[in-house]
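Asks: Just so you know, the protein sequences line up as chains E and Z, in that order.
Positions 1 to 165 (our numbering) are the ones given, in order, by the first sequence.
Positions 1 to 254 (our numbering) are the ones given, in order, by the second sequence.
In short, the hints are calculated from the structure, not lab data.
Glycine residues also receive a C-beta, built at the ideal position from the N, C-alpha and C atoms.
Check the hints yourself; a few may be wrong.
As the list claims (entries may be wrong) - Pulled from the structure, derived: some chain E residues nowhere near chain Z, Cβ distances all over 10 Å:
# : residue
1 : Asp6
2 : Glu92
3 : Phe103
4 : Leu149
5 : Ser154
6 : Val158
7 : Lys163
8 : Ile165
Said to hold, decoys possible - Distance ranges between label pairs, derived from CB positions:
#  : chain 1 : residue 1 : chain 2 : residue 2 : range
9  : Z       : Gly251    : E       : Gly44     : 41 to 51 Å
10 : Z       : Asn141    : E       : Val112    : 33 to 43 Å
11 : E       : Tyr105    : Z       : Ser28     : 27 to 37 Å
12 : E       : Glu39     : Z       : Ala210    : 44 to 54 Å
13 : E       : Gln129    : Z       : Gly153    : 27 to 37 Å
14 : Z       : Val215    : E       : Ser136    : 45 to 55 Å
15 : E       : Asp4      : Z       : Cys67     : 35 to 45 Å
16 : Z       : Ala73     : E       : Tyr105    : 36 to 46 Å
17 : Z       : Arg247    : E       : Gly44     : 55 to 65 Å
18 : E       : Asp37     : Z       : Gly189    : 50 to 60 Å
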Amino acid sequence: MLADDDQRHRLAREVAASVVDPEIPVLTLEDLGVLRDVELHEDGRLSVRITPTYSGCPAVEIMKSDLASALSAAGFDRVEVSVELAPAWGPELISEAGRQKLFDYGIAPPVVSTPGSSVPVTIGLRCPQCGSTRTSQTSAFGATACKSLWKCRSCMEVFEHFKSI
Amino acid sequence: MNGASLPAIVTLAMALGDDALILSERTSELIMRAPTLEEELAVANISLDLLGQARNWLTLAGEKEGCGRDENALAYQREPADFRHCHIVELPNDDFAFTVLRLLMTSAYSTLLLKRLSQSSEPDVAAIAAKSHKESVYHLNHTRMWVDVLTHGTEESMQRLTEAAHTLSSYVDELLDVSWIPDELIADGTCPAMDSIAADWRAIISSTLAETDLVVPESRWNSKGGRSGQFSEHLLEVLTRLQSVHRAHPGATW
């Protein structure tokens, strides 16, 4: 690869990594573990691979078009964004920075379980408002496929939790 | 296209896609009619998960078929006799107790089937199954919570569950019958052995109902034929709605 290509590849990666999640805009697709790879081909085409968090996640189409337009604005005119399922996305793919951003935004990050264990019952999440662990789930499902609803019995605030599955 | 010449994997992907698609449609009917606000969120999200699973399976079926049909062609342009789901998913939501018990039965089955398929030698099958499995376990846990609530509720909630169990019992055999899965998929590892699925399913249902008075009775009549394209009037109702926009505006896009 020529030095120039190397630089373009780095730029493409940086641009793709800075695109944010359409539903949780404090997280980038890289923080979320949704961005898999950015590849610059010799003929100048750019291939970007992403993976969905949930089978029915409606944000995937928006992610694809957001990636394509961000890269196009950065001077990449032939961009293909593909979606791959294997290996399946899991909450352990959210970066440490991403987990902190979620918490700061008011969403309790997922509790990552050890591989092979059965689906855990999440208890005592830390409230992103006051830090108390006197919390309980009010609804197993939330406003998006990836979230459930919780309340804090210390500060009485309700908050969202990025599901731990 | 001559059915006999279809790759066996199309049979598998189509049936799993149709199970998820029709059940997603039926579950989504509860939106705006759920008994609690939290359950509104639940039925909408469960439907969405199932729709996503259906899209993945039907996309795979179309690719492997190799006739240029995508997920939309398979969902919107097939005739009723070309669908391959089992009948339990097409039954109408006559009562919330029925909806809960059906979802318990289907999600218990899905967790077992998808767990096995996540070990498939075919990477696409393994990937879709692994992703769907986690969602199905979540659905199963949610419906178990409702069964607990309704079995320890009132005389009426128990009565309605008992009626639902009676109706659904006729559809269990067909749900648990995996003989439609082509032998060659078992032989080549695309579909890991399914022998114990019925026993494992009964164990999940028994443990869910262990501390309740609810019994799923043995049925004298058992539904069959869904996997070979037999269908009831209930499917026509679902497809009339599902395919109506496509029929009115063929090929329309957003």
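Asks: Would you mind marking each hint as holding or not holding in the structure?
Replies: Evaluation of the provided hints:
1. Asp6: Holds, since 31 Å exceeds 10 Å.
2. Glu92: holds (12 Å)
3. Phe103: Correct as stated: the minimum Cβ-Cβ distance to chain Z is 22 Å, above 10 Å.
4. Leu149: At roughly 8 Å from the nearest Cβ of chain Z, E/Leu149 sits no farther out than 10 Å, so the non-interface label is violated.
5. Ser154: holds (22 Å)
6. Val158: The claim stands: E/Val158 keeps its Cβ more than 10 Å from every Cβ of chain Z (closest is about 12 Å).
7. Lys163: Incorrect as stated: the minimum Cβ-Cβ distance to chain Z is 8 Å, not above 10 Å.
8. Ile165: violated (5 Å)
9. Z/Gly251 with E/Gly44: 41 to 51 Å: For Z/Gly251 and E/Gly44 the Cβ distance comes to about 33 Å; the hint is violated.
10. Z/Asn141 with E/Val112: 33 to 43 Å: violated (18 Å)
11. E/Tyr105 with Z/Ser28: 27 to 37 Å: For E/Tyr105 and Z/Ser28 the Cβ distance comes to about 30 Å; the hint holds.
12. E/Glu39 with Z/Ala210: 44 to 54 Å: holds (53 Å)
13. E/Gln129 with Z/Gly153: 27 to 37 Å: Holds, since E/Gln129 and Z/Gly153 (Cβ atoms, about 34 Å apart) stay within the stated range.
14. Z/Val215 with E/Ser136: 45 to 55 Å: violated (32 Å)
15. E/Asp4 with Z/Cys67: 35 to 45 Å: holds (44 Å)
16. Z/Ala73 with E/Tyr105: 36 to 46 Å: Since the Cβ atoms of Z/Ala73 and E/Tyr105 sit about 40 Å apart, the hinted range of 36 to 46 Å holds.
17. Z/Arg247 with E/Gly44: 55 to 65 Å: Since Z/Arg247 and E/Gly44 have Cβ atoms about 43 Å apart, the given range 55 to 65 Å is violated.
18. E/Asp37 with Z/Gly189: 50 to 60 Å: violated (28 Å)
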